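J.: Sequence:
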Amino acid sequence: MTITSSTSRILLDFKQPLPADALLIRSEPISFSEATLQQLRQHWQDQLLKKQSALFSSGVYAEIMPYAAAGNDIPDALFVDKKPVMWPGNAITLRDVRLKDGHVLITASEISYPFIGALRDAAFRSNLEATGLVNIRPPLAICTFAITTDHLLILTVRGITTNVYPGRLYGQGGNPATLPFTIIAHQLDELKDELLINREEVDETSFRFYGLIEDLEQFPGKPDLIGTVRLKLSSSEVQQRFDTRSLSSRPPDAEEISMIPFDKKTMQHYLSKATKASDYCPPAFGGLVLLMQHEFGVYEICVSTYADVNETH
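Heads up: the sequence shown at position 106 corresponds to 112 in our numbering, and the numbers run straight through without jumps.
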């Protein structure tokens, strides 16, 4: 696995851009002991309280209240202005991934979102491994970078109320909730939710995936599947559509957008000089570095900025 910065590394490089139908996802059932679930419930309360305190410090009032859509095991969520900003939904965890004969074989299991914070606790991980469950990762996400007809790459800016990477830059995507799922359908839903882009405004045949990037910073081991997709809209059309929603009505993981000309020189400058790795969600920065390698043959971005780019683990 190659380091892309101090915040992320390449878990698996697909060696070439692959269409969505080259990614095969297999479900592997998983179950947890009652002791593990009890620990998880306590961790979730701690996560809610920590985020609530952070929001209070930023002048945002947040309440911990029962969440109607949750099950009985973990019933509470964090609300801002009566909208949930942190809730115990479903998620999936990457168990194994292999590249074989031009296909990516992904094995995944269903878990719940509260694992994202609990897995940072060494004691929780140790107790989990004692039950025979090893290498359980924080939830798998899919991140695609949409590209407009006038060749601008779209980044979303995450709001401060979101639990994961608040205030940082990301692509378009999120955590699939259940298995099985269809990658393209999931990403079309994310484009609609975050950018108000309809299915017919997306070139579905253009989805390409480049690899998996692993977080080394906030949620160690959390993987993102990295891809791109071409839109049938210009940058001005995307911006106008996005601006039809008030700030308060936008999803917390896409409060603003930023666009970069998708060409070698501009992207290289943007990643190495205009921004730094900590401006991004770790998998997004690593994903853009991987994208530069595949699309423009640029490998020197991190070499000139981060001394550890050539380390391998």
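For the record, the hints were derived by calculation from the structure and aren't laboratory data. Treat the hints with care, since some could be wrong.
[To be verified] No more than 27 Å apart at the CA atoms, straight line, and that leaves these computed lysine-lysine pairs for DSS-like:
#1 Lys106 - Lys56
#2 Lys56 - Lys270
#3 Lys238 - Lys89
#4 Lys282 - Lys238
#5 Lys21 - Lys106
#6 Lys270 - Lys57
#7 Lys198 - Lys88
Owing to the predicted nature of the structure, the values given are computational and were not obtained by experimental measurement.
J.: Enumerate the violated hints, using their earlier numbering and listing them in ascending order.
T.: 1, 2, 3, 4, 6
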